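Asks: Residue numbers for the sequence shown follow this note's numbering, beginning at 1 and rising by one.
Rather than coming from a laboratory, the hints here were simulated on the basis of the structure.
In silico SDA-like cross-links for lysine to any residue, where the CA-CA straight-line distance does not exceed 25 Å:
#1 Lys75 / Gly129
#2 Lys139 / Val100
#3 Lys64 / Glu96
#4 Lys112 / Gly127
#5 Lys139 / Ala99
#6 Lys75 / Ser37
#7 Lys112 / Ser71
#8 Lys64 / Asp54
#9 Lys75 / Ile32
#10 Lys75 / Lys112
#11 Lys64 / Asp51
#12 Lys75 / Pro35
#13 Lys139 / Ala78
#14 Lys75 / Arg147
#15 Lys75 / Val100
#16 Lys112 / Glu40
The model shown is predicted, which means the values in this text are computed figures rather than measured ones.
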Amino acid sequence: MRRLLVTALALCLGACTAPQPGATAPVAKGPIHAPGSPEETAAEIYWRGMDYLDGRGMPRDDAKGLALLQSAADKGFAEAQFMLGLLYDTGRAVNEDPAVAAAWYAKAAAQKHPEAEFLLGLDYYRGRGVRQNDAQAVKLFGEAAARNAAAAYHL
1 MRRLLVTALA
11 LCLGACTAPQ
21 PGATAPVAKG
31 PIHAPGSPEE
41 TAAEIYWRGM
51 DYLDGRGMPR
61 DDAKGLALLQ
71 SAADKGFAEA
81 QFMLGLLYDT
91 GRAVNEDPAV
101 AAAWYAKAAA
111 QKHPEAEFLL
121 GLDYYRGRGV
131 RQNDAQAVKL
141 FGEAAARNAA
151 AAYHL
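Take the sequences, apply the hints, and build the full model.
Replies: Now the structure itself:
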């Protein structure tokens with residue numbers, strides 16, 4: 001059940017970020033920096049990594065995508081931390097590792113990322129990658145729901 005829920009959330013996130021047919025491209029806010037330049041932001045690095053992981057506009061390259069996500073996550077970008085958690089949770093582009101997934105979810109949850117709070121809560125509830133702790137699970141579920149994480153409403 002958990003794997004199904006995590007996979008569904010990952011698919012939803014991909015569908016939410018992928019351009020929809022007939023949609024216009026969003027207008028960039030601020031300058032777009034050259035890939036690899038010192039000015040490139042963590043968000044730009046993250047999106048470039050996602051492009052490699054999904055093969056959007058370039059051949060799919062999991063190793064490059066993973067390295068870019070790692071770089072954005074190391075710069076403190078919560079969405080990259082969350083996505084690394086999903087990758088380690090599902091075993092996409094990396095070996096499945098629940099403890100590493102929970103650690104990345106915890107970093108994103110510390111920045112109040114609602115989906116990370118929810119999935120970390122599930123980890124605590126099930127004792128997957130972390131020591132089982134119902135009180136911590138309930139706390140994280142509440143925080144995720146307060147930030148409108150859709151999945152948290154179905155508990």
